[in-house]
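2 protein chains.
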Amino acid sequence: MSNTNPARGMRDFLPADVRKRNYVIGIIREVYEKYGFEPLETPTVENLSTLTNKYGEEGDQLMFKILKRGEKLANKLEKGGIKNENELTDLALRYDLTVPLARVVANYKNDLPKFFKRYQIQPVWRADRPARGRYREFYQCDVDAIGSKSMIVEAELISAVCEILQKLGFLDFTIRINSRNILDGMMEVADIPKANRANALVIIDKLDKIGLNGIKKELLANDFAVESVRIITHQIENQVSLLNEATNNYEYNLQILSETSTPADEFASNNKNLNSYWKAKKELGEIVEYTKNSTARKFIKIDESLARGLSYYTGAIFEVNVPDFQGSIAGGGRYDGLIGMFGKEEIPAVGFSLGLERILLIMEERGMFPNDLTTNAADVLITIWNEETAGESLKLAGELRQKGLRVMVYPQPDKLGKQFKYADQIDVEYACVLGETELAENTVQIKNMKTGDQKNVAREKVSEELAKL
Amino acid sequence: MSNTNPARGMRDFLPADVRKRNYVIGIIREVYEKYGFEPLETPTVENLSTLTNKYGEEGDQLMFKILKRGEKLANKLEKGGIKNENELTDLALRYDLTVPLARVVANYKNDLPKFFKRYQIQPVWRADRPARGRYREFYQCDVDAIGSKSMIVEAELISAVCEILQKLGFLDFTIRINSRNILDGMMEVADIPKANRANALVIIDKLDKIGLNGIKKELLANDFAVESVRIITHQIENQVSLLNEATNNYEYNLQILSETSTPADEFASNNKNLNSYWKAKKELGEIVEYTKNSTARKFIKIDESLARGLSYYTGAIFEVNVPDFQGSIAGGGRYDGLIGMFGKEEIPAVGFSLGLERILLIMEERGMFPNDLTTNAADVLITIWNEETAGESLKLAGELRQKGLRVMVYPQPDKLGKQFKYADQIDVEYACVLGETELAENTVQIKNMKTGDQKNVAREKVSEELAKL
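Residue numbers (our numbering), protein chains in the order written: chain A, 1 to 469; chain B, 1 to 469.
By construction, these hints were calculated from the structure, which means they are not laboratory data. Remember, predicted model here, so these are calculated numbers, not experimental data. Any given hint could turn out to be false.
If several chains are the same, the list does not tell them apart, and a pair holds so long as it fits within one copy or across any two.
Here are the computed lysine-lysine pairs in the DSS-like style, where the Cα-Cα straight-line distance is at most 30 Å [claimed, not checked]:
#	residue 1	residue 2
1	K20	K194
2	K216	K194
3	K83	K282
4	K194	K282
5	K450	K298
6	K298	K79
7	K455	K114
8	K415	K149
9	K447	K209
10	K415	K79
11	K421	K468
12	K54	K418
13	K216	K461
14	K167	K217
15	K167	K301
16	K403	K20
17	K468	K217
18	K447	K194
19	K344	K20
20	K421	K344
21	K455	K292
22	K461	K194
23	K292	K109
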């Protein structure tokens, strides 16, 4: 017997899985559409040259690359002496949704509106070592607004994500926000040289995992100056305790934004090089102001220790967490340098990415899917008495479908017991029996598969009766 | 500047494309769900061993194969002397939806219901030479019912496809049906040896393209006996003329099914080896009978010359055509030998595949998309006066979204003229202006972007007013 498993790290989605996924994706789409975001889909396969050198060395290694075909490949193999795998490949599988977006923006710049707001929900592929919750094929769910530097964009993105999460039933999430320029100011104050700041950010980003002491140790182990580390960790400690004390998020945010609330503020007020620090403070203030009338108001929390791992952010950054899950369920930020990568101009952009696979995992664990979510194949099963009467069963099926019911016709004239057993297996609530007696009397027997109750109903009243039930 | 086109033969779907595709896919899903079919999704990437030798030599050549990764590949390259491309690859992209279905049926046989009815709408990849309407990434849209040999299954599949096509607005299509066993009987009668019949079918399948004379020539050129060719082409000619004369499809079907309507029938009645021929006639009769109460009745036409190219069909075959398109827009049939390929037992199955890309092409050419299909990004644009008043614009946006409107907020405080220009570019019907005057008076100016009409409305009446418009 052959191996019939899906490929390593990939998943089959059986009907119940697809239905749950489509439920979540449906809500995401609906909310994004209400905010004026439009759907985009790009091909699974991209030219290798589009993707290489975009994701760092690790990305190039984890990319699934496609073998050249036909003569091109035959010639290579015949000649022999292939040293580099790139001689064998010309295409690769989509690795994220941001590089394809940048390519689309460059390729259709005359067809796209001045401010292009798109959402994209498609799988990506990474040849990572599979682990719990980590797959080699997984969906990304990105929303990006391109073309403006105004904080109105950040505010809209945050509001949309809040609305999605609430519609999905999350009530206990926090959207932490910060700015790369706040962090940069903090590092300026701590006298960390510009060249080392990206490294420091990667370490600070581990706060959730390794705690304040862990960060301290790792910074020192990476040769950051003792005084710099003291200032940074003092800042973070102060921020964390303010964050934990906060009872009303909106009030807390206003407090953090006041000019002398943090140790960094005190340092910064004496430093003339910190314009971008103060600008970032003002920008966070705008985000708080613009969202104060939306439901986002109570979910937003400024956290000046929030770092985010990725290097490309240039302004505001966001991360969404729930208490019972380590790691974020969504994140994003402003990245003004990336979307223009295929053109000559810098194009401002802000994006949010929802962790669809994680959201599904948490919803499953918490039992958050609605009770009325369709999980079975049909509302009603119609039985088949024999080949001669099958036409009558199909006729009834047609009528009930006209009324909007999902109707399964048992596919062959087996014994009635077998047909009921199948009805139980596929978990339909009602079976309609059209036997010889019923056909002679022009009735249908409706059987409640849960209770076993049966009743005979006049043929023309069946859909009415089922609607009632 | 880098190449920003999608890879050869692949397509980007911009928002208007995605919306049209989702509209069609939505109708397909809805109808299949009403017939008790359930959604299935399988991974893009399959183990190479799952796919090889399943699609013939051509299939193995057209498959996109994925390069091995990491040490596995490095070792191969270092050792050198690679003769066969299969040493370099372990995975490949999905080539159709049938082999993955067979794998799923074998892999989850204890979890799936006795009769598994699934639909699957996912892309597949083939390294074919791209041409008009032929892409290297394209969607297949398959529905299959597994586990029964009864013609009830064929009837249900045909009814579902008819309902889908009608819901999409097709009124002029024909579903031709035949059986491989009718063709086989015809070839028995014409004394064509069993071993040559598959070849003959491939030639007969070209009727639409090369006509009766073309078929005659090609059969003779392929060394079929003159008398065999005479009988076959006589049959086909007879069938085609009956088909063309038919005015009422249902009456015509009954006529074709009567025992001596075709030359083959006459031969067959004298031949004892033609049980399966007569069984096939009876089966087509059942399909016609079972669908006589559905709207499928008027679209079905028996065509005993219908061959279908694929070799795996074992019983009924179907093909859907529209007058203004050469080639079929859907097709399928019974293939009892294929789904069991990964197990030990034969598993009966009937399937239908809708040509999604072709259907979209024809609908586009004919202008069949509904007028009210969403094509723009939003219903309303809300302008921004300045940074101080932006919060008010966002507040209004939130209220209108609550009412179900799709609302775009202009993302920055540009001059009003620029904001209107953008409203025109994204084709919204209304713009809401909240300027200083409006804010002072607690009103909103609603501008009809098509007519240029403007009116001032009390702030609290805006959603009501827009709903009216």
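Here is what the structure says about each hint:
Proximity of K20 to K194 under the C-alpha cut-off of 30 Å is found in neither arrangement, the shortest distances being 46 Å within a copy and 49 Å between copies. Proximity of K216 and K194 under a CA criterion of 30 Å is satisfied intra-copy only: 19 Å inside one chain copy versus 81 Å between copies. Taking the closest pair of Cα atoms, K83 and K282 never come within 30 Å of each other, the shortest separation being 54 Å inside a single copy and 64 Å across copies. When the C-alpha separation of K194 and K282 is checked against a cutoff of 30 Å, the pair qualifies only within one copy, where the shortest distance is 23 Å, while the shortest distance between copies is 83 Å.
Taking CA atoms no more than 30 Å apart as the test, K450 paired with K298 passes in neither setting, with 44 Å inside one copy and 39 Å between copies. In this homomeric assembly, K298 and K79 never come within 30 Å of each other (Cα to Cα): the closest approach is 66 Å inside a single copy and 61 Å across copies. Proximity of K455 to K114 under the C-alpha cut-off of 30 Å is restricted to the inter-copy arrangement: shortest distance 27 Å between copies versus 64 Å within a copy. For the homomeric pair K415 and K149, the shortest alpha-carbon distance between copies (16 Å) is at most 30 Å, but the shortest distance inside one copy (70 Å) is not.
Within a single copy, K447 and K209 get their C-alpha atoms no closer than 56 Å, and across copies no closer than 53 Å, so neither meets the 30 Å cut-off. For the identical chains of this complex, K415 and K79 are neighbours neither inside a copy (67 Å) nor across copies (64 Å), given an alpha-carbon limit of 30 Å. In the homo-oligomer, the alpha carbons of K421 and K468 lie at most 30 Å apart inside one protomer (25 Å), although the nearest pairing across protomers, at 53 Å, exceeds that limit. For the identical chains of this complex, K54 and K418 are neighbours neither inside a copy (58 Å) nor across copies (35 Å), given an alpha-carbon limit of 30 Å.
Taking identical chains as interchangeable, the C-alpha atoms of K216 and K461 are never at most 30 Å apart, the minima being 75 Å within one chain and 57 Å between chains. With identical chains, the CA atoms of K167 and K217 are never at most 30 Å apart, being 42 Å at best within one copy and 66 Å at best between copies. With identical chains, the CA atoms of K167 and K301 are at most 30 Å apart within one copy only, with a shortest distance of 20 Å there and 49 Å across copies. Within a single copy, K403 and K20 get their C-alpha atoms as close as 25 Å, and across copies as close as 26 Å, so both meet the 30 Å cut-off.
In this assembly of identical chains, the alpha carbons of K468 and K217 never lie at most 30 Å apart, being 68 Å within a copy and 64 Å across copies at closest. Taking CA atoms no more than 30 Å apart as the test, K447 paired with K194 passes in neither setting, with 75 Å inside one copy and 50 Å between copies. Taking CA atoms no more than 30 Å apart as the test, K344 paired with K20 passes in neither setting, with 42 Å inside one copy and 33 Å between copies. With identical chains, the CA atoms of K421 and K344 are at most 30 Å apart between copies only, with a shortest distance of 25 Å across copies and 66 Å within one.
Taking identical chains as interchangeable, the C-alpha atoms of K455 and K292 lie at most 30 Å apart only when they sit on different chains, with a minimum of 29 Å there against 57 Å within one chain. For the identical chains of this complex, K461 and K194 are neighbours neither inside a copy (78 Å) nor across copies (54 Å), given an alpha-carbon limit of 30 Å. For the homomeric pair K292 and K109, neither the shortest alpha-carbon distance inside one copy (34 Å) nor that between copies (53 Å) is at most 30 Å.
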